[in-house]
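Since the structure of chain R is already known, use the hints to place chains P and B on it.
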Amino acid sequence: MSSTVAAPSKTAPAGGAKGQPSGDNRYKMLEATMKRHQYAADSLIEVLHTAQELFGFLEVDLLLHIAHSLRVPPSRVYGVATFYHFFSLKPKGDHTVVICMGTACYVKGAAQVVSAIEALGGIKAGETTPDGKVSLMTARCIGACGIAPAVVLDGNITGKQTPAAVVDHVKGWLGNGS
Amino acid sequence: MDLNDLLEIAEKENASAKPIRLRCCTAAGCLSQQGDAVKNALQQAVADADMSDRVEVIGVGCMGLCSAGPLVKVDPDGALFEQVQPQQCASIIASLNGGGPAEASVGSDTIPFFSKQHPIVLENSGRINPERIESYIAAGGYQALYHSLREMAPTDVVEEISKSGLRGRGGAGFPTGLKWATVAKMTAERKYIVCNADEGDPGAFMDRSVLESDPHRVLEGMAIAAYAVGATQGFVYVRGEYPLAIARLKTAIQQARRMGLLGTQIFESPFDFRVDLRIGAGAFVCGEETALLRSIEGQRGTPRPRPPFPAQSGLWGYPTLINNVETFANIAPIVTKGSEWFAGIGTEKSKGTKVFALAGKITNTGLIEVPMGTPLRTIVEEMGGGVPNGKVKAVQTGGPSGGCIPAAHLDTPVDYESLAKLGSIMGSGGMIVMDQSDNMVGVAKFFMEFCMDESCGKCVPCRAGTAQIHKILTKVTDGLATSADLDTLRSLCEMVKSASLCGLGQSAPNPVLSTLRYYPDEYQACIDGGATAEASA
Amino acid sequence: MAVKTLTIDGKAISAREEQTILQAARENGISIPTLCQLNGTSDIGACRLCLVEVAGIPKLLPACVTRVGEGMEVSTDSERIREYRKMIVELLFAERNHVCAACVENGHCELQDLAISVGMDHSRYDYMNPKCAVDITHKRYGIDHNRCVLCGRCVRVCDEIEGAHTWDFQGRGANTRTISDMFVPWGQAASCTSCGKCVQACPTGAIFRRGSTVAEMQKDRTRLDFIVTAREKKQWIA
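Chains as they are written, first to last, in the working numbering: chain R, 1 to 178; chain P, 1 to 537; chain B, 1 to 238.
Isolated chain R, as found in the complex (with noise of 0.2 Å):
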């Protein structure tokens, strides 16, 4: 058991989730999930989860393969897509650093933190660096409040952070993306 928040798998290879729902194994894996679920018009949430874990992000082809399949229209599952803040529709940096923007990280300084990720990268929250490397959330509340501010670096949650130390993290990221 590790202390992970929804770490975003790798982005889709080259030809993202456009590939033929035949010869990809994540569209049967996909295909699967929606079976266990009957391919009942309310499973789309549950749904959307999986493939956004399977794929990394929603392109639009996979949300029509899914509302197809769901026998949903596609305005309301692209409306479902975009209702939720944890779905993406666009591919996210090999790195992630999600920054807890909660009360208690708030009045510890988290902002600060936004301001120098924001500054190193040149990027603003929500957006990936231009070479792919490194994305910049925030968070609404991670329920980590008691080691505020709370980081979560590709998956793992640091508390009791400062600006410094997650730049000197992120410069890491950025200086040999791997």
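Think of the hints as simulated: they come from the structure by calculation, not from any bench. Note that this is a predicted model, so its numbers are computed, not measured. Glycine is no exception: its CB is placed at the ideal position from the N, C-alpha and C atoms. Do not rely on the hints blindly, as some may be mistaken.
Coverage of chain R stretches by chain B, computed from C-beta distances (three or more under 8 Å per stretch; other residues unrestricted) [what the hints assert, rightly or not]: (1) 52 to 64; (2) 68 to 77.
List of simulated lysine-lysine pairs, DSS-like, C-alpha gap at most 25 Å [unchecked claim]: (3) Lys124(R) <-> Lys471(P); (4) Lys475(P) <-> Lys86(B); (5) Lys92(R) <-> Lys28(R); (6) Lys35(R) <-> Lys124(R); (7) Lys131(B) <-> Lys90(R); (8) Lys475(P) <-> Lys124(R); (9) Lys86(B) <-> Lys471(P); (10) Lys250(P) <-> Lys28(R); (11) Lys131(B) <-> Lys471(P); (12) Lys11(B) <-> Lys497(P).
Relative to chain R, chains P and B alone:
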């Protein structure tokens, strides 16, 4: 499975316990501070010292004092080690063998943080292994369910909960027994139970901790509720941000199913109950019950007007009982110890205990459980140890739906009515302590930004109103506002509060209204001096 | 059929028990402003313009979804309600980019009528000036998001009456946008039957018939009423 089987499992579990037990916190707070490595190092040290025959290392749930994590507690002598590092583990094990004092900082469990607590919901937290159903059963688990199914009529159970005076722990404080009675009275071909584990208030992590530390307690409460109201299917709607809680719930559901404690003909009675998980996808508004139901149905999480209430028409139009995690966690002890025992704790209108998450500018951060009516000062100053190197300025309760209680009101007893009188709410239990360096206009803006981003966009007052309020607050903090803007701000807050469709919009202005009420000078200072008012670390 | 008696603005009326306050009021010639409500589609209580006061209940209630009750004393026109309505209309104007003088719907617009009825001459709130697109990819119709009030009438009429469910909402909060299919330009939305019901349902100039110029777009709500009556009552009343 019957009572004897249950007792047998408990006996076997207790008999297999080794004389010395090291309890390691494996809840998210300690895990993020290398709690896992500490547990592994302790296990290795026990093996190295060849003491496996009489010492065991067990992973347990949250012990509460997150600021001193990772925590390790030794049974039976009671030593509590704080901020344990993996390299200190060998010396801790050696100390058990008479090898001199351990090279680790030793805490005390007699400090007010622990001694003033009254654990009911958290009684198993930090004691049992949340990943083993046997551990829960050894602590008396599932006996309340047996008692309900085999010795009580459904109406007796509802009656018992009503008499206990338990009120919903999700924030609004609606009487739980009344809600159960409403669902029980409905005639329908099926009914549902929903556990609201979409703990969204920033600064609150009580439900996360209960699910990570004692998941079976919640499942048992849901099963008792299902029996009482006549439901056969339950859902736990849990935040996607809580992967550990999700994993432990999954494990717990599987274990309970395998033992026949969930499923068909539970305890050889005609009662069937199935529980499934639904994972939230990052929308605060889904804590609102009608939005939560839409989300379980796979839709955008937009609330709808009530009535009809979910108790009458909920999931797929069927009567649905929705309670919060902490509410369900109170059920088994009430059934076991009786409503009178429970009603004897707390105040006249707020019975029992409440779990609070202490965070912010406070020495001891973590989780505490105290009787309702405990003065705020006891919680913040005695138990929490006050503000390190400073003074309390305000305590924020109820998250974005609550308000800021100034230090002058610290002697207020914490119960539903008293907090409401101060312009805040009990909420789900988040308590953020602020000190003199925190600017209250900045805090109000922080919460308004939260509500604006989390507004579902369905009703106009919340969608457009929160955006306007945020815009005015930005003008204030940028030093560009006039006194007229403050009047506009106030009137807009009143309208959004009265006219919004759901609880999110209706309570979104609370942080602004409460800071306007208690800290008007800080708003005025921004207008007079054009000062930038961002909260600073 | 049970009948309830109640008073609305002091006027004693009777109504069938399944009726809403709004229906009862309209039957008795009492006007309550609405925006998201559209006959024949489900009521969602979203615009909050029809909020009324009911004696003994501290909360304001949306007339469109609140059933009548025996002895109810409803007030639709108190000072507080008038003020809130005005604020809501002002918020709607400030939220998007509404320029009546340059709008196809000028003179026939429900939002404009609301502004006049609540006595609004300007919005006291700062304009948000969001970036909004205009989509004229459909061969007959267009949608201008600058004028959209997110009432959802197009979404419901398309789903509940036409059955195509071309429209829905994407995003949330102030970033909510009306979309067709998988957020494709309307002209490429395969599910669209080009029936034009959304054009008639839209209360503002957001959805319009192409080729209309300023003030030329007049919605014909009777076309929708005709279909709804035919569907529900099997009566074809021209």
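Hints and how they fare:
no. : hint                    : verdict
1   : 52 to 64                : holds (count 3)
2   : 68 to 77                : holds (count 5)
3   : Lys124(R) <-> Lys471(P) : holds, 20 Å
4   : Lys475(P) <-> Lys86(B)  : holds, 23 Å
5   : Lys92(R) <-> Lys28(R)   : holds, 23 Å
6   : Lys35(R) <-> Lys124(R)  : violated, 39 Å
7   : Lys131(B) <-> Lys90(R)  : holds, 21 Å
8   : Lys475(P) <-> Lys124(R) : holds, 22 Å
9   : Lys86(B) <-> Lys471(P)  : holds, 19 Å
10  : Lys250(P) <-> Lys28(R)  : holds, 23 Å
11  : Lys131(B) <-> Lys471(P) : holds, 17 Å
12  : Lys11(B) <-> Lys497(P)  : violated, 29 Å
Hint compliance for this structure: hints 6 and 12 are broken, all remaining hints hold.
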